[in-house]
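Chains as they are written, first to last, in the working numbering: chain A, 1 to 112; chain B, 1 to 115.
The reader is advised that the hints may include incorrect statements.
What the hints assert, rightly or not - Below, a sample of chain B positions facing chain A; criterion: calculated Cβ distance under 8 Å:
no., residue
1, Tyr33
2, Gly40
3, Met41
4, Gly42
5, Leu43
6, Tyr48
7, Val50
8, Phe90
9, Met99
10, Asn101
11, Lys103
12, Leu104
13, Gly107
Stated by the list, open to error - Straight line, CA to CA, 27 Å or less: simulated BS3-like cross-link-like pairs of lysine-lysine:
no., chain 1, residue 1, chain 2, residue 2
14, A, Lys71, A, Lys5
15, A, Lys56, B, Lys103
16, A, Lys5, B, Lys103
17, A, Lys37, B, Lys9
18, A, Lys56, A, Lys37
19, A, Lys68, B, Lys44
20, A, Lys71, B, Lys103
21, A, Lys56, A, Lys68
22, B, Lys44, A, Lys71
I should point out that these hints are in silico values taken from the structure, not numbers from a laboratory.
C-beta atoms are modelled at their ideal positions from N, C-alpha and C, and glycine is treated no differently.
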Amino acid sequence: DQQVKQNSPSLSVQEGRISILNCDYTNSMFDYFLWYKKYPAEGPTFLISISSIKDKNEDGRFTVFLNKSAKHLSLHIVPSQPGDSAVYFCAAPNQAGTALIFGKGTTLSVSS
Amino acid sequence: NAGVTQTPKFRILKIGQSMTLQCTQDMNHNYMYWYRQDPGMGLKLIYYSVGAGITDKGEVPNGYNVSRSTTEDFPLRLELAAPSQTSVYFCASSYSSPMSNEKLFFGSGTQLSVL
Numbered sequence: 001d002q003q004v005k006q007n008s009p010s011l012s013v014q015e016g017r018i019s020i021l022n023c024d025y026t027n028s029m030f031d032y033f034l035w036y037k038k039y040p041a042e043g044p045t046f047l048i049s050i051s052s053i054k055d056k057n058e059d060g061r062f063t064v065f066l067n068k069s070a071k072h073l074s075l076h077i078v079p080s081q082p083g084d085s086a087v088y089f090c091a092a093p094n095q096a097g098t099a100l101i102f103g104k105g106t107t108l109s110v111s112s
Numbered sequence: 001n002a003g004v005t006q007t008p009k010f011r012i013l014k015i016g017q018s019m020t021l022q023c024t025q026d027m028n029h030n031y032m033y034w035y036r037q038d039p040g041m042g043l044k045l046i047y048y049s050v051g052a053g054i055t056d057k058g059e060v061p062n063g064y065n066v067s068r069s070t071t072e073d074f075p076l077r078l079e080l081a082a083p084s085q086t087s088v089y090f091c092a093s094s095y096s097s098p099m100s101n102e103k104l105f106f107g108s109g110t111q112l113s114v115l
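The shape of chain A in the complex, shown without the other chains (with noise of 0.2 Å):
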């Protein structure tokens, strides 16, 4: 079984809050896991990654945290801003590593 999984379809933060987006996930074998961000009307953009031997990967206002005994990882948006408002997709590479996979999107409102 090869899963990623975002249980929130949805979520709504005030200008300068910290967002916090969730993904679980079935295969411990993944080796990376990826987070990409959609405008509409736009493809996906790639965001931020990191690699299974890591817990943490930042990347200015972007933290990734991985929790592998728990197979969850969480990215974080500090401080959120308008333009952060988008569709924000986990991925990880099928394990073929043919392709990625994706979870079903949070869409993610930050108010001004």
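Once you've looked at the hints, dock chain B against the given chain A.
Coordinates of chain B only, in the frame set by chain A:
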């Protein structure tokens, strides 16, 4: 830089019609992919290709065909369009296997409606 280019951006088909969604990339990427996104759902892999002349099925290949005669182009063919194929289609490419943390670059999508 053009990146991944998809055409058309929008299309309405009647049931039973056929069409080809075009995808081209100018990054000399070896891997190319077709995904579809239905409302409230993630991206589902339709077909992928690891190089010119090599294609394989993804998660939801039924009703579609692909070809990869060149490194740059990866067209997706819909034969006998059905309402279930109403979706947004994304083409993507990467230099090598996603297993090596390779990023996928996506086109802007094709909104297809089958009525």
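Right, here's what the structure says about each hint:
no. : hint               : in the structure
1   : Tyr33              : holds (6 Å)
2   : Gly40              : holds (7 Å)
3   : Met41              : holds (6 Å)
4   : Gly42              : holds (4 Å)
5   : Leu43              : holds (4 Å)
6   : Tyr48              : holds (5 Å)
7   : Val50              : holds (7 Å)
8   : Phe90              : holds (5 Å)
9   : Met99              : holds (3 Å)
10  : Asn101             : holds (5 Å)
11  : Lys103             : holds (4 Å)
12  : Leu104             : holds (6 Å)
13  : Gly107             : holds (5 Å)
14  : A:Lys71 / A:Lys5   : holds (10 Å)
15  : A:Lys56 / B:Lys103 : holds (19 Å)
16  : A:Lys5 / B:Lys103  : holds (20 Å)
17  : A:Lys37 / B:Lys9   : holds (20 Å)
18  : A:Lys56 / A:Lys37  : holds (19 Å)
19  : A:Lys68 / B:Lys44  : holds (25 Å)
20  : A:Lys71 / B:Lys103 : holds (22 Å)
21  : A:Lys56 / A:Lys68  : holds (11 Å)
22  : B:Lys44 / A:Lys71  : holds (22 Å)
Comparing the model with each numbered hint stated earlier shows that all of them hold.
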